[in-house]
Every structure is written in C-alpha cells, then in structure tokens.
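Build the complex from these two chains, which are given one at a time in their own frames, with help from the hints.
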Amino acid sequence: MPQFDPTYFVSQLVWLAVVLVAFYFLLTRIALPRIGEVIEARTNQIAGDLERARSLKAQTEDVVAAYEASLAEARREAGSIMAAAQADISRKAAEREAAFAKDLAIKVGAAERRIAAARDEVEAQVRDIAIGAARDVTGKLVGTEPDAATIGRAVDQALRPAG
Amino acid sequence: MASPIEQFEIVPLVGGDSIVAITNSTVWMVIAATTATALLVFAMRGRALVPTRMQSLAEIFYEVIANMIRENVGSGGRKYFPYIFTLFMFILFCNVLGMIPGSMTVTSHIIVTFAMAAVVFIVVTVIGFMTHGLGYFRMFFPHGAPLWTAVILVPVELISYLSRPVSLSVRLFANMTVGHVLLKVIAGFVPLLGIFGILPFAFLIPLTILEIFIAVLQAYIFTILSCVYLHDALHMH
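Residue numbers (numbering that gives the first Met the number 0), protein chains in the order written: chain A, 0 to 162; chain B, 0 to 236.
Chain B extracted, bound-state conformation (with noise of 0.2 Å):
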C-alpha cells in the first residue's frame, strides 16, 4: 500500500531538476487557473441580470470578496480587489481540486504558501510605509500605553508582526496535509479489514465532506487575513 505522504511526492514531467522543471505541481497550478478562469468565464457567459445558478455562484465569490474588503480594509481598499481575488481564487481551487483523488495538492507544500503569505508580508509592509512613512513603526507599539512599556510591547509586536507570515503559511500548508494524511490513513484500512473495511469506508464520507469544508475554509482565512494586514498597513488598527 501506497505511503500517506506519497501524494505529496513532487513528480518531474519535464526539464528533470532544472529550476524552471515542469512538474506535478506545475500542472495542478495550471489547472488550477484556468479552471478558476473558465468556470468564471463560462457562468458569466449569458450577461443575465437575473443569474443562473452558474452566474450567481460567479458574482457570489466576487461578492464575498468585495465584501470581504470593504469590511475588513475599509476605505482604499477597493484597489487591491484584483490582487485579493486573484489569491483567493488561486488558494481555493488549488485547495478544492486537490480533493480530486490522485490530484496533487499544490497548497500542500509549505514552500508554495510561505511564498504567498511571503509576497503578502512583504507587499503589506511596503504599503505601510509608504502609506504612513516611518511612522508605520508606530505598529509596534500600541497608542496610548505608558512609555517604559515600549522594552516589553515593541519586541512583542515585533515578533508577532514578524511571526504574520509563518503564520498564516503553516496555517495553510498544516490544514491541507494533515487533512490529506488523515484520508489517506483512514482508506488505507479500507482494504486491509476486508469485509469490515465497511466502517473506515463510512467515516471517509464525512471526513471527505469535512475536508472539503476546510479546503474553502483555509482559502477564505488565508485571504481574509491579508485583508487584515493590508487594513493595518493603510489605517495602523
């Protein structure tokens, strides 16, 4: 029987271990994308202003992340719609699709969500400082609190702004592979009980719904907390 991790395995399709090698993954991003993109292309095909189911579940995801701005951001947030959309679609089919049993999970892979969560910090950060200038360091110490506080709060909000990218990659990465491990372990005993491989098979059903819960769960955290972020960096709490 095949190891619960080996789903993880990055296979080489072409290029072998050269940096741009086209691999599993490599696929599954692309499909990934373009699935996002054709599913939004195809709903939105008829233009309806009554939707189709199809339509609405289009504007639904456009809502929830125009939402998700307005309230989260607040005022000049409405730039980065495109930005925050296109993560959030990318995390959540990346996600979802892989539930597809013998897809690859891209967002499994702790290199690909410390990247994103990296470009977030990273963009988040700038936005500060050039909203706010040097005061952006005002982030680290908390308005109002007597001054000698400053040798314990700036080292904490330091850490814990510093510990943001961790954070919300671990989150992510941990979510998808725990949940892919633990169904892999449990269909593993499908076939070793024989007739009572019945009862792994039952709990799959929910735990596989379950899953999928968390796939469009850990999407809308991942997304909703660089809505956070990038709410600090333009207002400073």
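Okay, chain A solo, but in the shape it has when bound (with noise of 0.2 Å):
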C-alpha cells in the first residue's frame, strides 16, 4: 500500500505542517473573529430584547396595577354614594310616611267624632221615640201617664247594654 511507503512521509509532514499553520492563522485572523462577533452580537441583541421585553412586562403590570387601584376606588366611591342615596331616600321616606301618618289620625279623629256626633244624636231621637211610645202605650193600657222622669229612668234603663 502507497501508505507505507515511505518515501513521501517528509513531504507529506512538512506540507502538513506548513498547511496546518497557515490554515490557523487564516481561521483565527480571519474567519473565527467574523463568525465570533456575529453570534457575539446576536447573543447581545437577544439579551437586550428579553431585557427590553422584560421593562415593558414591568410597565404593563405598572399601568395594570394603577388601572386596577383607580377601579378599586372608583367602585369604592361608587359604593359610598349609592349609600348616601339610599340614606336619603329611606330618611326622605321616613319623614313622608309619619306626615302620611299624622295627617291620617287627624282625618280618622275628625271622622270617628263625626260618627260618635250622628251616633248620640241617634240615640237620643231613639229615646224620645221610646219615651213617646212608652207614655202612649202605657196611658192607653193603664188609662194614666206616668211623668217624664219615671219613664226616662226605665227608658234609659232599658237601653242600657246588657252587662
């Protein structure tokens, strides 16, 4: 095999050595560094924007905290002035209903003296029909009528309610 021939083994290490050096130095002036910097600045830009997301993150949560404080006091307010109107409308309805009230003892006095009036006026023409009826039927049946007091006391008697 021409691989153990030896012949060309001093060559072939010499031109291994001169190659291997040149192609060193040609990767590391010039192909790694370009191949390095561009990852390099890649790897930057990918920080940056994490980094940059990662502020706006804050901002938002910022702004979602604030908007979220402003509700909490507007539903707050809110609350305080629905318990204000409701205070109002239960005092405003409070005072409505003792007017109401009043104004109906006074409506409902005036109407039971009224009726109280017609009832006693009632009794007594029911008397004094009792008394005339009494006096006749007595004078027809005994022949004498009895005075008007006696016949008032038995009248008065008679009408009074039982008990």
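Certain hints may be false.
Stated by the list, open to error - Below, a list of computed lysine to any residue pairs in the SDA-like style, where the Cα atoms sit at most 20 Å apart: (1) B:K78 with A:I29; (2) B:K78 with A:F24; (3) B:K78 with A:G35; (4) B:K78 with A:Y23; (5) B:K78 with A:V20; (6) B:K78 with B:I121; (7) A:K139 with A:A129; (8) A:K139 with A:V154; (9) A:K106 with A:A117; (10) B:K78 with A:L25; (11) B:K78 with A:I38; (12) B:K78 with B:E58; (13) B:K78 with A:R33; (14) B:K78 with B:M235.
As the list claims (entries may be wrong) - Taking CB as the label site, the calculated pair distances span: (15) B:G45 with A:V9: 40 to 46 Å; (16) B:G187 with A:R41: 45 to 51 Å; (17) B:I99 with A:I45: 45 to 51 Å.
Claimed, not checked - To give a feel for the contact side, a few chain A residues facing chain B, derived at Cβ under 10 Å: (18) F8; (19) W14; (20) L15; (21) A21; (22) L31; (23) R33; (24) G35; (25) E36; (26) V37; (27) R41; (28) S69; (29) I105.
Everything labelled a hint here was simulated from the structure, so no lab data went into it. Glycine included, C-beta positions come from ideal geometry on N, C-alpha and C.
So this is what it looks like as structure tokens:
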C-alpha cells in the first residue's frame, strides 16, 4: 500500500505542518472573528430584546396595577354615593310616612268625632221615640200617664247595653 | 482497470523526491484549507443577525466545536478553541473532499493522521504536566484503588495512555482507507458486469452517502477524543 511507502513521509509531514499553521492563521485572523462577532452580536441583541421585554412587562404591570387601583377607588366611591343616596331616600320616605300618618290620624279623629255625634243624635232620637211610645202605650193600657222622669229612667234602663 | 489502492498513490508534482516535494497530497491539503477558509468567509459575508443558510452552516461548525469544548473539556478549555477548530475543519474538509472522484484523501495516509494524533498527544501531555506538575503521574493510578493494585494498574493505564495516539491515528486512517477501497472495488464491478453492472452501481449510491457520513463522523470523533484527552490533562479524570 502506498500508505506504508516512506518515500514521501517527510514531504507529507512538512506540508502538513505548513498547511496546518497557515490554516490556523487563516481561521484565527479571518474566519473565526467574523463568526464570533456575529454570534456575540446576536447574543447581545437577544439579551437586549429580553431586557426590553422585561422592562415593558414591568411597565405593563404598573399600568395594570394603577388601573386596578383606580377601579377599586371608583368602586368604593360608587359604593359610598349609593349608600348616601339610599340613606337620603329612606330618610325622605320615613319623613313622608310620618307626615302621612299624622294627616291620617287627624282625618281619622275627625271622622270618629262625626260618627260619635251622629250616633249620639240617633240615640237621643231613639230615646225620645221610646219615651213617647212608652207613654202612649202606658196611657192606653193603664189609663194614666206616668211622669216623664219615670219613663225616662225606665227607657234609659232598657237602652243600657247588657252587662 | 485501476487497482483499488492506486487512489492512495502519492504523486510528486514539483521537487521530485526532496523533503519539500509538492505532491498531490500537498495540493489537496492546500485545497482543503483554502476551501474551508473560503467557505467560512463567504458564508459570513452578510454578517446577518438572522443568518442565511450558508451563514448558519458556518455558525453550526463554530457552535459544534464550542459546545464540544464546553461539554468535554469544561473549564479552561475555551482558550484551546482555535486549535481544536482548526484540527476539526482540516480533518473534516480533507475527509469530505476526498469523496470527490479523482481527488486524493490526505487523511487516508497513516503518516498524516499519526502526525496529527502525535501532536495532540504531545501537547496534551505537556499541558497535563504544566497544569499538575509531577502530580500528572497520578493519571496512571486510579484514585482510591488499593496500593498493591498499582503493580497491575500502572502498566495497564500507561499502555492505554500511550496507545492513545495510535488508536486515534489508526481509526481515522483505517476508516478513510477502507471506505475508499470498498467504493473502488464495488465501482470496479460496474463495467465488468455489463448490463448487470446496474446492481453494484445502485449499491454505490447508499454506500457513497454512508462514506460521506463516515467522513464527517470520523472528523468529529478525532476532535472529540482530542477534547476528552485535553479534559484529562486539565482536570485529571
């Protein structure tokens, strides 16, 4: 096999050394810095983007927190307004109710008085009629008319409610 | 028909038998180095943050070796990146360019692979002694083993250590040589079998793909083993 023929061993070694050294310099001076630069730039870019995303996220969170705070504030305010309105309404309702009750009591009192007067009147008429009737009946049956005071007492006794 | 091993012939082009004779091997070494450099520089010409396909390829080479060093060498391996990258790219391009019909596979020569393996071995050993001083001799005796086992373990470890450059160089050389011989032998059947030559020809297609894969794989293995040896020298197991 040509691989074991030592004729060109030294030549191969010499050129291998030359080419490898030259290749090393080509790579380290020209090729590798370019690749390294780009990869580093990309890493930095990504790190920067992530950083920006983080700060934007923080900002968003701040805004959300502020929004929620103002929302809670508004809700609290609405609650207090509502409570005030409710208190106002119930106070007014109570006032009106009281006024109405008073008015009603006055009217009821007047009506009761009217009813009592009417009843008294009716009762008096009934007594007079009863007295007259009693006198007439007694006069016809007995022949004498008892005096008015006696009849009045008897009628009062009869008209008095039982018990 | 040409002999299957004719492809490995060293042909002097300039300088006859002299020690600096320019041969077909020299030419392909130069082609490998310039192709690799040109490819990387061409691929990176845009220097885009969002890489093109070519640029991705160049970056993949870079990242593969950077990761290999990070994972296999560990701390202190970063400064050896350019050397290991050079070694990897050189072997890779020699192997892959060797797949071009009519080309010459530089790495199919034991003297070339052995020279590279020997340089790796010597450099790694020097780094080992520079890092650990005489303590580097503990490499040859596993930590924690009973002392009397040294009689057995030290020679075994010593032989295994010294055989590193041999296994490293023979693996690459043998893979390249055998693959090319196999391709050539099977290709030789194509004209011999006439119309039935279609069968070995059909077989050549997957075999060529396999050989390209092996070309890449062997470059990777050579490099990763160098990294493992470097790790041993820096961190001692």
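Cross-check of the supplied hints:
1. B:K78 with A:I29: Between B:K78 and A:I29 the Cα gap is close to 17 Å, so the pair holds against 20 Å.
2. B:K78 with A:F24: Judged against 20 Å, a Cα distance of about 15 Å means the pair holds.
3. B:K78 with A:G35: Satisfied, since the Cα-Cα distance of roughly 14 Å is no more than 20 Å.
4. B:K78 with A:Y23: Roughly 14 Å between the alpha carbons, so the hint for B:K78 and A:Y23 holds.
5. B:K78 with A:V20: Cα-Cα ~17 Å, so holds.
6. B:K78 with B:I121: holds (17 Å)
7. A:K139 with A:A129: Within the cut-off at roughly 15 Å; holds.
8. A:K139 with A:V154: Between A:K139 and A:V154 the Cα gap is close to 18 Å, so the pair holds against 20 Å.
9. A:K106 with A:A117: holds (17 Å)
10. B:K78 with A:L25: holds (17 Å)
11. B:K78 with A:I38: holds (17 Å)
12. B:K78 with B:E58: The given pair, whose Cα atoms are some 18 Å apart, holds under the 20 Å limit.
13. B:K78 with A:R33: Holds, because 17 Å separates the two Cα atoms, which is no more than 20 Å.
14. B:K78 with B:M235: With a Cα-Cα distance of about 18 Å, the restraint between B:K78 and B:M235 holds, given a limit of 20 Å.
15. B:G45 with A:V9: 40 to 46 Å: Once the Cβ atoms are compared, 43 Å apart, the range 40 to 46 Å for A:V9 and B:G45 holds.
16. B:G187 with A:R41: 45 to 51 Å: holds (50 Å)
17. B:I99 with A:I45: 45 to 51 Å: Roughly 39 Å apart at Cβ, these two residues miss the hinted range, so it is violated.
18. F8: With Cβ-Cβ at 5 Å, under 10 Å, it holds.
19. W14: holds (4 Å)
20. L15: This hint holds: A:L15 lies near chain B, its Cβ roughly 6 Å from the closest one there, short of 10 Å.
21. A21: holds (6 Å)
22. L31: holds (6 Å)
23. R33: Where the cut-off is 10 Å and the nearest Cβ of chain B is about 4 Å from A:R33, the hint holds.
24. G35: The hint holds - A:G35 has a Cβ within 10 Å of chain B, the shortest such distance being about 7 Å.
25. E36: Holds, because the Cβ-Cβ distance from A:E36 to chain B comes to roughly 7 Å (cut-off 10 Å).
26. V37: holds (5 Å)
27. R41: holds (5 Å)
28. S69: violated (41 Å)
29. I105: violated (94 Å)
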